[in-house]
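Q: So you can see what is in the structure, the chains are spelled out below.
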Amino acid sequence: MIRQPDPKPDVMRRRDSIVAGLRKLLPESGVIAEPLRLKPYETDGLTAYRQVPLAVALPETTEQVAAILRFCHQNGVRIVPRGAGTSLSGGALPLEDGIVLGMMRMKKILDIDFADRCATVQAGVTNIGITNAVSANNFFYAPDPSSQLACMIGGNVGMNSGGPHCLKYGVTANNLLGLKIVTIEGEIIDIGGAHLDSAGYDWLGLLTGSEGQLAVVTEVTVRILHGPEGARAMLAAFKSNEIAGAAVDAIISSGVIPVALEFMDRPAIHACEEFAHAGYPLDAEAMLIIEVEGSVTEQDILLEKLSDICRRFDPISIRVSQSPEESLAIWKGRKAAFGAVGRISPDYLCMDGTIPTSRLPEVLRRTQEMAAAVNLQVANIFHAGDGNLHPLIMYDANDPASLHKAEVLGADLLKLCVEVGGCLTGEHGVGVEKRDLMHVQFEPHELEQQRRIKSAFDPEWLLNPSKVFPLAEPAVAAAVLPQAA
Amino acid sequence: MTLPATTEDQIAAAVASAVAAREPVHVQGNGTKAGLLRPVQAARTISTAGLSGITLYAPKELIISARAGTPMPEIEATLTEAGQYMIAEPPDLSALLGATGKPQTLGGVVATNLSGPRRVARGAIRDHVMGIRAINGRAELIRSGGRVLKNVTGLDLCKLFTGSYGTLGVITEITLKVLPAAEATGTLVLPGLDAAAGIAAMSAALGSPFDVSAAAWLPAEAVAAMPALDGVSGSAALIRIEEFADSVTYRIGRLRDQFAVPGAVTLGTEASRSVWRDIRDVRPLAPHAQDAVWRVSVRPSAGAKVIDALRPLGAAGFLDWGGGLVWLAGPADAATHLRVEAAARAVGGTWTLLRAPDTLRATVRVIPDEPPALARITREVKAAMDPAGIFNPGRLYADL
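Residue numbers (the working numbering), protein chains in the order written: chain F, 1 to 485; chain E, 1 to 400.
By construction, these hints were calculated from the structure, which means they are not laboratory data.
Within a straight-line C-alpha distance of at most 27 Å, the following computed DSSO-like cross-link-like pairs (lysine-lysine) qualify: (1) Lys108/F <-> Lys24/F; (2) Lys305/F <-> Lys168/F; (3) Lys332/F <-> Lys168/F; (4) Lys39/F <-> Lys24/F; (5) Lys335/F <-> Lys107/F; (6) Lys168/F <-> Lys60/E; (7) Lys415/F <-> Lys60/E; (8) Lys305/F <-> Lys332/F; (9) Lys39/F <-> Lys107/F; (10) Lys60/E <-> Lys239/F; (11) Lys305/F <-> Lys60/E; (12) Lys415/F <-> Lys405/F.
If we take Cβ atoms under 8 Å as the criterion, some of the chain E residues that face chain F in the derived model are: (13) Ala58; (14) Asn113; (15) Ala124; (16) Glu140; (17) Val152; (18) Leu160; (19) Ser164; (20) Ser203; (21) Leu206; (22) Gly324; (23) Glu370; (24) Ile377; (25) Glu380; (26) Ala384; (27) Leu396.
Some chain F residues flagged as far from chain E (calculated, every beta-carbon gap over 10 Å): (28) Pro27; (29) Glu96; (30) Pro465.
Virtual Cβ for every residue (Gly too), placed ideally from N, Cα, C.
From just these sequences and the hints, can you work out the full model?
A: Below is the structure:
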């Protein structure tokens, strides 16, 4: 088990009175304290780590969130905010002496304004739920993380989530206009609104990606966009990762920025094809999925430009979709990727480092060498246009040695990302997973500066305290990723 | 006392010296924006003007890094040569603020987070700052972000520094995301629309599938003053498309048919560039040399209301960002300022007093006060970055 802060003995002793206190603030069904019913909250998308919380609180209004935070603040109780629990970095891993603040009951769409192109929703609305609410008018909410059917907008704000279409449309931070937040003292504050660029410090920007450590987000105002006239995908298969990487470079240099530019290596192509039967070329070492938008004529012109570029790189095959149905088929394998890899290996770690795109071929080669050296399989499926890698490291959860090996390899791959000029996480967040690697990217005084900003919001470190930062400096030097239990 | 610095270490030493002496510091680049927000009273000045030069440019990775004092014209020329551009299209405000004889610096553009017409479609400066290096109030070098396009590692201090007007530290180097410049630019000019009708048209255009990259409304006097709009009479809404040439023709044609406004005019690439440069640089307000200037950000549909509310006081204005950015010029007195505040507040917006005599700047809220709970966080975060409180005291708020 990853190291957690020591539970506060006085909080553990007062468990019953804390639960009773919470019950006074919420309707009967809003507080969970029975061990059996706490079980579903013990983990998130990073299932290797588990911890049953002290209790779960399920508010339905901002005022209830404020009451809970005030109560926890007065009683020294730690809080782990949670949306749908899809975090791949353990961002919602509970604490033994802390409550989980589950936002899933706050799922109202509060306002949609097509003229001003914005929507205000509660934090527990799913990512796809926003798009569904505006799609009848051909509008959509742009960031599209793979978990978009389940993940909630509050969690997207917490992690600054991305997705394949971020190459054109930007990540969560670029698509927000306003937030309603609750501070640890239980104060409700509106940040931004329906307008752009508020004067003063950019709280919207600082809060986005702060992993639930500064405040609790209860409402979000997002920008909504009108969809393009149409979109179409193409697929290009190449003889090596290096060649595909060079094709990515050439595309970006050509002045065409596709809406999406996804890369799959041989293990990923095989896993996805076997699972989804998308018609992927099994003789390829690497494959790109490229999507463009516009009218049919515009799509034709762009796809022809892109095909011309790909032809310069001795492709094995190029397949340009001729219909929306064929585009869906091309995307089908990519969208099913995690499930597909899950069929080969039920357990895998999904890493998330970002690198300068010029280092792509080298990093992919070294990834395979490092995996082979420890006898693990890695599949690569990632956002090539922005260099955001997602190596999927397959392991066997029934074998602690296998998980440990996978964790060490994962940490080494992230160190490699930093070494070539990149970073530890592009869109999944630090969570608990990469917490103890933060010293690879930051100097101690830089981490200290970030900690002081957290303290400015939350002096007693009650909000999601065991995430992002190494628990204590002395542990930093010793630990890579702590060994799982 | 101005401390000359040409390296990050010298900046850090200058900060350490100011901290030791407990003397406040005016942080600036070339000082072209010293007239923005509140005046700073400080015994010392730390200038980043000597900290100049592009340190990394990787066009294929859509990334450029430069030291804070690098003149914007140098960055823009380098990008243009490679067929790329600054996505947020930052303005050159010298027509408004007066030319100092020196160009604005990248550090100044980032510290003020001022974005131009493209902001409505492609994001602000703050959306494109991928990495930052700055000296904090402990004289330490703090890095945030990096040189890659996607990065959520740790707190996003790039966002915190951007737009902080030098109050949290001295920015020494910045990495920006850039994009390929479009092959062609076209502008659809819809004449004869008042502000409200202009906003309706701009909202329809920005809510269309055609990826409009800017939308502005100009009153008759501004239209008449732009040579590229020769032949257009009265007020007008302007809608810009930046794309491959064929797409510009197609999309402008579709929008023109959709709106069917009599007398609609289409501008080609050169005329478009000239018009949008003027809008970006706030040239329509240049004739109002004696007036104060405000920049009010509201939900787009409320833009006309703000102009209407100020017109009786003799204020003139135009709209950018589809109606969401209201530029106003009016009498430089506290009464007019309070009316601007009230008009912005009434529609849930925000304001910046961009130009005014020092006496007015020092006595009114140049930007809105924050609610008490947030103002407390502001003070705590300021103390976390600048414990001695030496950087640009009073620039944003009188008590900060």
